[in-house]
Every structure is written in structure tokens, then in C-alpha cells.
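Participant: Here is how the chains run, residue by residue.
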Amino acid sequence: MNTPLLEVRDLRKQFKDFVAVDGVSFTVPAGGSLAVVGESGSGKTTCARIVTGLEKATSGTVLLDGAATLDRRRRASFVQMVFQDPYLSLDRRQTVSDCLGEVLAHHDREMDRRSRAARIDELLDLVGLDRKLGESLPRHLSGGQRQRVAIARALAPNPKLLVLDEAVAALDVSIQAQILNLLVDARAATGVAYLFITHDLSVVRHVCEDVVVMCRGKVVESGLVAEVLEAPAAAYTQRLVASVPRPGWVPSRAVSRG
Amino acid sequence: MKPIMLRTPPRAAPVAAAVCGLVALMALLAPWIAPHDPFAVDPLNAYAPFSGTHPLGTDDLGRDLLSRLVYGARTSLAGPLVVVIAAGTLGTGLAVSAAWFGGWFDNLVSRALDVLFAFPGLVLAITVAALFGTGFVTPVVALSLAFVPVIARVMRAAAMRERNLPYIEALRVQGFSSLHICLRHLLPNLAPLLMVQAAIGFGYAMIDLASISFLGLGLQPPAADWGLMIANGQPSILAGFPQQSLIAAVAVVITVVAFTAVAERLAVRFGGDVR
Amino acid sequence: MTAPLLEFDGLRVSLGERPILRDVTLSVHAGEAVGLVGESGSGKSMTVKSVVRLLPGGSTVDGSVRFGGIDVGSLGPADLRRFRSRDVAMVFQDPRATVNPVRTIGDFLTEVLRDQGVGRAEATRRAAGSLAEVGVDDVRRRLSQRPYELSGGLLQRVVIAAALLTEPKLILADEPTTALDVTTQEEVVAILNEQRRQRSAALLFITHDLELAAAVCDRIAVMYAGEIVEILPADRLHDDARHPYTKALLGSRPGTVPPGERLRTVPGTPQSALTAPAGCVFADRCPVVESACRDLHPPMLSVGSGFAACHLLSEEVR
Chain A
1 MNTPLLEVRD LRKQFKDFVA VDGVSFTVPA GGSLAVVGES GSGKTTCARI
51 VTGLEKATSG TVLLDGAATL DRRRRASFVQ MVFQDPYLSL DRRQTVSDCL
101 GEVLAHHDRE MDRRSRAARI DELLDLVGLD RKLGESLPRH LSGGQRQRVA
151 IARALAPNPK LLVLDEAVAA LDVSIQAQIL NLLVDARAAT GVAYLFITHD
201 LSVVRHVCED VVVMCRGKVV ESGLVAEVLE APAAAYTQRL VASVPRPGWV
251 PSRAVSRG
Chain B
1 MKPIMLRTPP RAAPVAAAVC GLVALMALLA PWIAPHDPFA VDPLNAYAPF
51 SGTHPLGTDD LGRDLLSRLV YGARTSLAGP LVVVIAAGTL GTGLAVSAAW
101 FGGWFDNLVS RALDVLFAFP GLVLAITVAA LFGTGFVTPV VALSLAFVPV
151 IARVMRAAAM RERNLPYIEA LRVQGFSSLH ICLRHLLPNL APLLMVQAAI
201 GFGYAMIDLA SISFLGLGLQ PPAADWGLMI ANGQPSILAG FPQQSLIAAV
251 AVVITVVAFT AVAERLAVRF GGDVR
Chain C
1 MTAPLLEFDG LRVSLGERPI LRDVTLSVHA GEAVGLVGES GSGKSMTVKS
51 VVRLLPGGST VDGSVRFGGI DVGSLGPADL RRFRSRDVAM VFQDPRATVN
101 PVRTIGDFLT EVLRDQGVGR AEATRRAAGS LAEVGVDDVR RRLSQRPYEL
151 SGGLLQRVVI AAALLTEPKL ILADEPTTAL DVTTQEEVVA ILNEQRRQRS
201 AALLFITHDL ELAAAVCDRI AVMYAGEIVE ILPADRLHDD ARHPYTKALL
251 GSRPGTVPPG ERLRTVPGTP QSALTAPAGC VFADRCPVVE SACRDLHPPM
301 LSVGSGFAAC HLLSEEVR
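Protein chains in written order, with the UniProt record's numbering: chain A, 1 to 258; chain B, 1 to 275; chain C, 1 to 318.
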């Protein structure tokens with residue numbers, strides 16, 4: 001069997017006396033798309049931050065392409081991240097081109113000015129941004145456009161794995177649809193794998209093949225999206241699936257006491 | 001240090017900026033503007049009234065007051081300038097590294113700044129001047145040190161906010177070094193706030209340095225300095241000639257007010273928290 | 001038919017030269033729940049704020065908002081305060097921003113009642129009763145707790161309890177569950193719905209989630225760029241939506257197409273009243289736009305089971 005792109009084994013993260021992630025394991029195959037689903041406090045974002053190196057695990061292993069440790073730059077060209085809030089995830093002083101150019105220069109020192117400019121145009125095309133917007137500052141862009149820039153920046157080093165931390169949650173419905181289409185296209189074009197951190201089950205159905213459901217730091221259920229969301233086995237997953245507003249849905253208060 | 005907050009009408013800002021510019025220009029071009037040698041003593045012409053040759057009259061030694069005012073702008077501006085540059089650099093450096101590395105280093109820096117903060121800047125400067133001698137350098141160095149915690153405290157809070165923003169985290173995920181992120185991204189984004197802090201600090205430093213000169217612990221006669229002019233003019237006030245103290249005092253007040261007004265405008269513009 | 005409880009009549013709000021609301025005409029009857037759905041910049045929050053005259057300083061208002069037949073704009077300061085405290089209640093998105101963090105839940109709940117001259121013991125009794133009704137357990141202890149000791153979902157229930165305490169005729173809820181988890185959202189909207197029905201209070205429910213609005217409300221008004229573009233019964237939303245924008249919203253949710261297929265998207269970004277074109281507000285992004293749409297402002301037409309403002313529907317009406 002091939003080495004998975006990402007293998008997380010028995011991950012644990014403790015903040016002082018609070019256990020955020022408690023014995024979590026999952027894998028992402030090359031080119032795959034795994035959703036980590038859960039509500040606030042489930043530990044899903046902490047998992048994502050450990051995978052990208054923003055946090056250190058208390059114990060457990062994260063294997064990227066079978067290797068436990070990579071230096072900063074190698075790791076960065078392997079796994080990248082897109083954040084939730086498009087208004088805060090770009091440097092407000094940097095134009096789109098400068099933002100992308102800085103990342104490109106960092107990962108490939110040999111790259112000359114002209115091929116860098118060509119690659120910037122290529123990235124802008126990939127995420128569906130007008131090349132003219134390259135000279136714009138973030139404040140002149142809409143939320144959807146900023147999120148496209150953030151995705152372009154994350155794809156710039158040609159990563160094998162893209163971690164999307166609630167990357168469409170802050171967007172308007174019509175923009176969310178555009179970005180979801182973009183993510184489907186970008187995956188088809190580059191073969192990048194997704195680790196999709198989200199609370200939104202309809203988004204999971206749309207872009208992911210596998211799903212891990214987390215609750216209070218633990219994995220309560222995992223498997224194929226089609227199976228887990230259509231016929232959830234765990235009580236928590238059943239509740240989660242049942243509480244999504246949909247045609248004919250009647251909210252009921254007898255769900256829990258919390 | 002209590003913040004002086006003025007309700008500055010928006011249209012006052014360009015005027016204030018112009019005043020700041022004029023004062024700076026006066027200091028730079030002093031040798032060409034000043035009608036007389038500011039140190040030329042002419043006892044026979046002491047306490048001369050306003051006239052064509054001496055537009056602001058002369059002092060007790062018959063020195064031309066306008067020339068002394070113009071030359072005085074040099075030390076009076078240079079002092080605060082050095083203070084804000086030194087305190088700004090040191091304070092921001094400490095603040096950013098404390099915020100970036102956090103943990104015990106942050107604790108150490110923060111506690112050390114608290115201790116320094118406990119000494120009123122002016123008292124610290126006076127003590128140091130009394131211990132290490134008067135002049136230009138000693139009070140300026142002491143005051144710079146005293147201003148470090150004032151600037152560092154504000155900058156650290158801002159740097160903390162900034163470093164937790166996703167764009168900084170995105171850069172970390174890109175594998176950039178701490179140094180690169182701090183120098184290229186964090187600092188430039190803090191720069192507007194630093195500008196505001198420096199402009200406010202400039203006003204305070206000016207008052208403090210003038211006070212030190214006034215107390216005789218700063219520049220010594222016959223130097224042309226606004227604080228010193230206020231002090232030296234004191235006996236003349238009793239003699240019925242308040243011009244020297246008065247014009248120097250007015251110069252200090254106008255300059256401080258102008259700088260503070262500009263600072264407030266900058267603060268509103270950049271949304272920085274002045275207090 | 002009886003006169004509506006709340007009536008927006010050609011409401012236009014602008015801040016200086018900049019329009020915020022271009023034309024809002026909508027009525028809410030006593031005991032009815034109306035969902036106001038739209039994306040950012042559509043003016044849905046501003047519409048709700050205009051009911052209690054919480055508009056930004058310097059804004060000018062044309063048209064009127066009538067409550068029980070009385071123009072809210074004509075109320076004097078004393079009447080306005082009375083109207084705000086007794087007739088309407090507001091529930092906002094973030095409960096933590098609504099409740100004073102340093103005072104107890106009990107203080108928060110009894111404040112308005114005490115202000116109305118209710119005795120302390122009586123106010124506390126009613127507060128406890130209201131909390132119990134919204135499904136908060138261990139009421140005695142909760143009354144003496146402070147906001148930080150409660151979860152977001154629990155705190156939003158406290159806010160709803162407070163809103164119900166004064167027996168308002170109208171509840172204004174501005175994205176009351178957006179900050180909550182889905183399972184908590186279900187409980188909170190269920191409670192809001194149940195309590196509203198029991199007390200036959202009217203509800204103006206703002207959300208960006210069409211499905212949520214359809215589940216909670218009787219009628220749905222879809223807003224875009226400071227205008228209401230379509231009003232229709234909630235249960236007819238999926239079958240009877242006529243306005244291209246409503247259809248676009250319905251079509252852009254993942255789950256409407258099989259996984260992996262492309263979502264039907266509308267190009268561009270949501271506009272505000274300031275950036276929208278002069279004719280039909282949706283003309284710039286509309287997939288079926290015609291030349292008339294850009295110049296002429298479409299009137300609200302009665303189509304099917306509701307109303308929609310679209311030129312293309314005029315054929316159908318005739």
C-alpha cells in the first residue's frame with residue numbers, strides 16, 4: 001500500500017488543564033479529500049493547526065509523506081493552509097502580486113523576475129482573479145476575492161496538501177458557491193489533497209470523500225462521506241445531521257441540555 | 001504621565017502640521033534666518049524694546065531675542081527628536097520581541113518595563129542629570145530611558161494583537177523566519193501606531209526637557225534653548241521685562257500643542273489607540 | 001383583513017448622499033413570523049433597526065415605519081422609550097455583546113421589569129419563570145451566575161427569556177443563531193418559535209440562511225441591495241420562488257446538486273444599495289438580464305403565491 005500523504009496517529013493536545021484533542025487518528029491519501037467535522041470545542045481546528053505546524057502536539061505523531069519531521073521550508077512546500085477570515089488573512093499593506101511574489105521567491109530562490117511574474121499570472125488565472133487585480137491592496141477587494149488570493153497564496157508553493165480551516169464559513173452564500181466551485185476545480189487541476197475543517201455538512205457532501213466526525217476532542221465516527229452522513233451510526237453524528245436546516249425541517253428543542 | 005487630550009477640530013490638523021513644519025524649518029535654517037548672532041552680548045543695549053533691528057527686543061545681556069528664539073529651536077527640537085527616536089527604537093524592539101517570543105521572555109521584559117514605568121520620567125531624568133552632570137546628552141539619555149516603557153507598553157499590546165492575526169499565521173505556515181515576518185510584515189503594520197506614539201511623546205519630551213533646562217540641570221548658559229530662556233528670563237520679569245521668558249514659553253506651548261494635534265489626527269486616521 | 005402590526009411603507013434610508021435602504025415595503029401581522037433573508041450589504045439589519053429608530057447618526061429617512069398604525073418616526077422621546085421597552089424586543093447575533101459581562105443573569109433579566117416599577121421579588125419570580133420556559137435548568141443558580149459562566153447557546157436563551165419577559169407584541173431577531181453551533185441553533189430557534197407562538201407575538205427574523213428562515217417563519221422576504229425583491233409564503237419557497245436572485249440563492253447552496261457537480265453560481269459579489277444599478281438592483285449579476293432591467297425599476301408584482309419585483313415576470317402576470 002502507498003504511504004498516505006498525511007497520517008495522524010493518536011494525536012493529543014493539552015492546553016493547561018484542558019484536553020483539546022484526545023487520541024485522534026486519521027489519514028489523507030494522495031489527492032484525497034478528508035473532512036474533519038465538529039462543532040466549536042471539538043478540537044478540529046487544533047488538529048489542523050498541529051498538521052500545519054502552528055501548534056505542537058502534546059503527544060502523538062503527524063507523518064507528512066511518511067516523514068515525522070521536515071524543516072520549515074520543506075514542510076511549507078508540502079502542506080499549506082487557508083484561514084477562515086478573508087479580511088484578516090492577508091497583510092493589509094501588501095498588493096496581491098507582492099503577496100504571491102514574496103511566497104514564490106521564498107520557495108524558489110533561483111526563480112527570476114520574469115518567470116515569477118508569469119507564475120503569478122498563472123496563479124491568478126487558477127483562482128479566477130482578473131490579472132489586473134494583481135496591483136490591488138486587500139482593502140480594495142471583496143471578501144470572495146480576498147479568499148481567492150489566500151487560496152492562490154496557499155497553492156503557490158505547489159503543496160501536496162491544503163488545509164482549509166472553515167475557509168468558506170465567513171462568506172456570503174453566493175460567494176461560498178463560487179469558492180466551492182473553485183476548490184473543486186483547483187483540486188482537479190493540481191491534484192492537491194484537501195483536509196477540510198468545517199462545521200457545515202452540506203459543504204462536506206460537496207467537496208469531500210472521507211469524513212471524520214469529532215466531538216469534545218475525540219473522533220466519534222469516520223468513514224466515507226456518503227455512508228457516514230446518509231446513515232450515521234454514532235448518536236452525535238445523528239444529532240448533527242438532524243439539526244441542519246433543510247426543506248421540510250422542523251426544529252425541535254428536545255435535542256439536548258447543554 | 002497624564003495624556004493631554006484635546007478636542008481638535010479636523011481643520012486644525014493642517015494648520016498644526018504647518019506649524020510643526022515651520023518650527024522644524026526655523027531650526028534647520030537658523031544661521032540664515034537669524035538676524036543677529038544669538039550669543040553677541042551688547043550690555044549697552046539690554047532690554048531693548050521691539051524695533052526694526054531687534055524685532056523681539058533684547059535680553060538682559062542685550063542679545064537679540066529673535067535670534068536666540070530661532071537658534072533655540074535647534075536644541076529644543078533636537079532633544080525631543082533624539083528622545084522619541086531612541087525610545088521608539090528601543091521600546092518597539094523590546095515590545096515586538098516580547099510579543100513574538102512570549103513566555104518567560106515576555107514576562108521578564110514586561111516586569112522590567114513595569115519597574116522603569118514606576119519612575120516618573122521627569123524625576124528619573126532630574127536624578128540622572130544631578131548624578132551624572134548637566135548638559136544636552138545626560139537628560140536626553142535619561143528621558144529616552146524613561147520613555148521606553150511608555151512606548152513599549154502600547155506597542156507590545158498592538159504587536160500581540162497583530163501576531164495572532166491569520167495573516168501572520170499564514171506567513172508562518174509558508175515557512176518564513178521569525179525575523180523576516182517581524183521586519184517585513186509586523187513592524188510595517190505597527191509603524192502608523194509608532195508614528196502616533198512618537199508624535200505624542202515628542203510633545204511630552206519637549207515639556208520635560210524644557211523643565212530640566214529650566215531647573216538648570218540641562219543645557220547651561222549661554223546656550224540658546226527655550227527652557228533655558230524661560231529660566232534666565234525670570235529675574236528680568238521682576239525687573240519688568242517679561243519678554244524673554246514669555247516668547248520662549250509661547251514657543252514651547254505652540255510647538256507642543258501643534259505636535260499633539262498632529263498626533264491626535266494621525267491617531268484618528270490610523271485608528272490607533274492613543275491612550 | 002385586520003391592519004398589520006408593523007408596516008414598512010416605501011422606507012428609504014440614506015446616510016448623507018449614500019443610500020442604505022432604497023425601497024422597503026413590507027407588513028408583519030400580529031402573531032406572524034416574517035423572515036428577512038439576504039447577503040451582506042442587503043440592508044436587512046438596517047431595516048430592523050429602523051423599527052426602533054436605531055439608525056446611524058445623520059441618516060435621513062423617507063417613507064414610514066408604522067407600528068399599530070402609529071408612525072414610529074413621529075414618536076417623542078418618552079413615547080419612543082416606552083415603545084422600545086414594552087412593545088418590541090430585540091435579540092442580536094452575539095449574546096455576549098448583548099449582556100453586560102459584569103452583572104448577574106438575574107440583574108440582566110430584572111432590569112427592565114424593575115424600571116417599569118415591578119417589585120424586586122416579583123421581578124425575580126417572573127425572571128425565573130421566563131428562564132424555565134426557554135428550557136434553562138437550575139434556574140436559581142443561573143440567576144446568580146455571570147455571563148462568562150454560561151455557554152453561548154445558554155446565554156442566547158437568557159437573551160430570549162429577557163426579550164419575552166416584557167410580553168412584547170413584536171420580536172426583532174437579527175441573526176440570533178449565526179454565532180451558535182448547528183445543534184444549539186436548532187434548540188434556540190425551536191424555543192424562539194414555540195414561545196412566540198404561545199404568546200402570539202410577531203417575529204421579524206433576519207438570517208442569511210433561506211432554509212432556516214423557511215423553517216421558522218410564515219412568510220419570507222428576500223432582500224438585495226437595500227430593496228425587497230421577493231415576498232412569498234415560507235412553505236412555497238422551493239416551488240414558487242420567481243425572482244432570479246431568490247432562485248440563485250436557492251441554487252448556490254451545496255446539496256442542491258449531486259456532490260462533485262458544479263454549483264450554479266451568480267457572478268460578482270453581493271452589492272449594497274450604493275453600488276447597485278439604478279434600474280433593477282440585481283441587473284448586474286442577473287443571469288437572465290434584459291436591456292430594460294438596467295434602466296427601469298421593476299414594480300412589485302403579484303405572482304403565484306407571493307410578490308416579486310422583476311420585469312421578466314410582467315408577461316406572466318398579464
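Derived from the structure by calculation, the hints contain no laboratory data. The model shown is predicted, which means the values in this text are computed figures rather than measured ones. Each hint should be verified, as a subset may be incorrect.
What the hints assert, rightly or not - Restricting the straight-line Cα-Cα distance to at most 20 Å, the calculated cross-link-like pairs of lysine to aspartate or glutamate (EDC-like) are: (1) Lys56/A to Asp37/B; (2) Lys16/A to Asp235/C; (3) Lys132/A to Asp121/A; (4) Lys160/A to Glu209/A.
Participant: Given the proposed pairing of Lys132/A with Asp121/A, does the C-alpha separation stay at or below 20 Å?
Facilitator: holds (9 Å)
Participant: Hint check: Lys16/A vs Asp235/C, CA-CA at most 20 Å. Holds or violated?
Facilitator: The hint is violated at about 50 Å.
Participant: Between Lys160/A and Glu209/A, is the straight-line Cα distance small enough, at 20 Å or below?
Facilitator: holds (17 Å)
Participant: Quickly compare the C-alpha distance for Lys56/A and Asp37/B to 20 Å and report which way the hint goes.
Facilitator: violated (68 Å)
The structure shown violates the earlier hints numbered 1 and 2.
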